[in-house]
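2 protein chains.
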Amino acid sequence: MTAKRILIVGGVAGGAACAARARRLCESCGIVMFERGAYVSFANCGLPYFIGDVIVEEEKLLVATPQLFRDRFRIEVCTETEVLRVDRERKMITVRNLGSGEEREEPYDALVLSTGARAIRPPVEGIDLPGIHVLRTIPDSRDIRRVVETASRALVIGAGYLGLELAENLVRRGLAVTVVEAAAQVMSTLDREMAAFVAKHLEANGVDLRLNCLVERFTEAAGGGVIASLSSGDDLVVDSAMICVGVRPETTLAAQAGLTLGRLGGIRVDEQMRTSDPAIWAVGDVVEVRNVVTDEWQLVPLAGPANRQGRLAAASILGKVKSGAGYRGVQGTSVCRVFDLTIAGTGVSEKGLKAAGIDRYEKVYLHPGNHVGYYPGAKPIHIKLLYDVTDGAILGAQALGEAGVARRIDVISMALQMGGTVYDLEEAELCYAPQFGATKDPVNLAGMIAANHLRGDHPLAKWEELVDAHAQVVDDQSEATRLLSLILRDPASEAQIVDVRSAAEFEAKHIPGAKNIPLERLRERLSELSREREIWVVCGVGLRAYNATRILLQHGFTVKNLSGGMQTYDSIEGTKSPKL
Amino acid sequence: MTAKRILIVGGVAGGAACAARARRLCESCGIVMFERGAYVSFANCGLPYFIGDVIVEEEKLLVATPQLFRDRFRIEVCTETEVLRVDRERKMITVRNLGSGEEREEPYDALVLSTGARAIRPPVEGIDLPGIHVLRTIPDSRDIRRVVETASRALVIGAGYLGLELAENLVRRGLAVTVVEAAAQVMSTLDREMAAFVAKHLEANGVDLRLNCLVERFTEAAGGGVIASLSSGDDLVVDSAMICVGVRPETTLAAQAGLTLGRLGGIRVDEQMRTSDPAIWAVGDVVEVRNVVTDEWQLVPLAGPANRQGRLAAASILGKVKSGAGYRGVQGTSVCRVFDLTIAGTGVSEKGLKAAGIDRYEKVYLHPGNHVGYYPGAKPIHIKLLYDVTDGAILGAQALGEAGVARRIDVISMALQMGGTVYDLEEAELCYAPQFGATKDPVNLAGMIAANHLRGDHPLAKWEELVDAHAQVVDDQSEATRLLSLILRDPASEAQIVDVRSAAEFEAKHIPGAKNIPLERLRERLSELSREREIWVVCGVGLRAYNATRILLQHGFTVKNLSGGMQTYDSIEGTKSPKL
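Going down the list, the sequences are from chains F and Z. Start counting the first sequence at 1484; every next residue gets the next number (my numbering). Start counting the second sequence at 1484; every next residue gets the next number (my numbering).
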């Protein structure tokens, strides 16, 4: 292997992983890492928890120091050094020491761009006022930590992962927190009815959540702090506002160098993370990646994929990637903890499938316990599984709950990676002991429901059908009436809704217009049901309704199970809008 | 579908699952379940926790009652009814009501044997004395619970899953507990060096653990209770002794009926759980199953597989299994919690591979945190991964730790099911947030270490090589000297052991004969190493040693990493014997 001079621009996540891997593969290469900030390889995922005082010592955030890179890897690290220009012809970059202002040139054989992403600052009047922060770096978190010491009211703008983690940590520090989100839901990676669980949980933890809401203007408050004027008409007076509306690839350098960018604004790379220039690689938040399910380009600013891309780029530079063994794309597996709720997902959401024009999918909802009910402390996991109706291939899954959530999504992620189907989930042999699961694990159950559906044993109704039929008549009604009407289906119309729970459960809450026949009485009360009209069966979570569906099907009725039962009904009601 | 009369012998786990599934598939079939005991579908996995008062109410153990089977499924349940004989010619069974003593015949179209397993009672003198218990049923647990109220000293015989769960629950109830185990390790499903972690944990929790130890005789104690005379020469006086030495398939009925049994004493079934009689199926602890890795017959008394087999038998009876879609065999995925430690595994252990004559395997050890170190509360997970050296196929994995263990084993289990390799584990895209993992999840790390090994980038040394070289010289030495000698490698012999940890770490504990060169100084001290002899590098968990291995390899040394580092050394030392 000939010794190469490898220059890496950006020393966090992908860049750092690339540098370390390159050294392991080539002891004789020159490796230099340039970082504009003061820190390399810091734990940016930990910043909200540093603000929340969960992580107490700042030094903990330094995963690896320049000293460690030098001593252990003989990697030269230039912090507070900005890379200004790439001269592709001469294979030379120009860098500036931000301390001294001095500029110099550095030659390369291979250049790696790991420039990451920058926080979006929306063009809102007053956004540069003091007290308005973004959170990307250790100095940012230090600033916010200082503010939090004395603040009592904070505004978080944006209800994505970072915004919600930050909201939780501000509440932990005793602040009153408002979160405003322009979209109709929190966490855009989730489908709306799943996001509704998160919204409820935020509100239960005292967060003032405003969906469909924008900040239109910031002004200085008389007594200090800022006034945020919202699109709802409210003026909020807060000590501090945090902008968490997402990130954009930091492609200034790539654009200057004339590298090909994608439609989404990230750098285009091949399967070995090589850019349009064969001597330049790019990794991490700055690149566009292929989604393994949709095969579409995406921006996926996650640390795990950045790390893998960095390792791969190093191997590619050093000629160690076998043909066909390149980057397989991203699944978008992710997890986030918000108060007591873990939210995780893999693959594509339903809206993602729709956006990609994939319509041959089906979905199931379920709400099993994280472990058997007889062992104390079981918590429900709310799961949505999306799969291909033609062959049962897994397309995506979302799950939330207080325990055991990441485990189930990780299993489904592994299955998806291997090209698995719902039949594979049905058969999966997973850990079972009373504290850990059930003989039918939630993953098995998801697979079983979907597989029974595909086998024709278990027809499923979609909640949207229930809702859509009435959506057009309610547009000018008040919100409360509208909600009810959305769900109310005229008993004389095409489908009969049969609720097979107990009379007591039915009394507590039911879908307006539904008829109550407890499962135990169903066989003897068949004569009360019409054979002319389709029956939609509902219960608590879908299990009794499944048994009812099997009974009715075999007695010649046309029947579907409203997947996920009243728990899913509640979550859809929680979306406060007919369109899922 | 023609209505069939389906009789099911045994109403727990597999039998109950079969009955419910049969009803869902066939509304018109007659389905009768016979159970010798007083309860069907009870939570036998919960019994130790009922004894420990973790599960307080006995009714919680009744997952489904005869009433529920009747009302919801129209399944007739005959409890306290023993099936005496099968007349295969006439398709008729003879049953006896254990209350009235009355016998009657019942005709079947399909018969399902789910007779389970019975606890082994070893032929030890005095085993039938009062105060000596087995734990299989609710009445058993009721008895033991009563004993525990007043007892202060208990003996558990057998250190398998049940024995250790029981030991934990007895300690929880304030008893002094001794566990005796005939084998040289606890938990026979684990390899010995992994089981050593469990043994240490038991001892740390006050359990008096005696390995390589048998009870030779029970006698009545003068003041009540029993005296257990051990093979070690000790006499233990305890209030109660619990026999947990395993189970044996309950094949009395199958043998009477002349069905084919396997070499291990279980019923032989085909891929649809059909016995040698085409009208008789068998499921659960009573059958032998194929191991998916070794393709050998096994007895796997686990609830998850029993449940799947029950469902499959129902589908088979009703002609709903497509050809080729039969039982895929078992992986043996299992989990157990003992005090604060979770122990889980999937696939085959190293000794299982050896026993099956599979020698083209390799293994890696690692000890990553369950999540990033900078987030508080990270706990190590001790992992052993076994894989095929020819293609990297996953053969088995064992893991233990305080958190995140079942999740990693479940992911590996899913990968194994899908025919995955260590390269797939390396690439897996798993949930990462600071509380949940790391950008390189423990599963990724296991895959990376193994894949780097297979690619030739990361040669690994086996701890046995270190140990075996000296095993023959120590046989007649005292245990303490023997332990040291086992590990001590004469520095003048073939390999040099280089410990690349810091001087302080090295001082605290190191392998006798090892030379300390901290990783940071390695490049400048290469001249101290011989190029003639193989170098074995060691560090804390294997990561620094991996970097050292890469450095030394590229400088032309012959080098191997002692996989798992000092943590694995400690566990091997803990086995107290050279043979792994």
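Everything labelled a hint here was simulated from the structure, so no lab data went into it. Please note that a few of the clues may not be correct.
Claimed, not checked - The calculated lysine-lysine pairs, modelled on DSS-like cross-linking and capped at a C-alpha distance of 27 Å, are:
{"hint": "1", "chain 1": "Z", "residue 1": "LYS1683", "chain 2": "Z", "residue 2": "LYS1487"}
{"hint": "2", "chain 1": "F", "residue 1": "LYS1543", "chain 2": "Z", "residue 2": "LYS1862"}
{"hint": "3", "chain 1": "Z", "residue 1": "LYS1683", "chain 2": "Z", "residue 2": "LYS1834"}
{"hint": "4", "chain 1": "F", "residue 1": "LYS1862", "chain 2": "Z", "residue 2": "LYS1862"}
Exercise for the section: List in ascending order the numbers of the hints, as given earlier, that are violated by the structure. Expected result: 1
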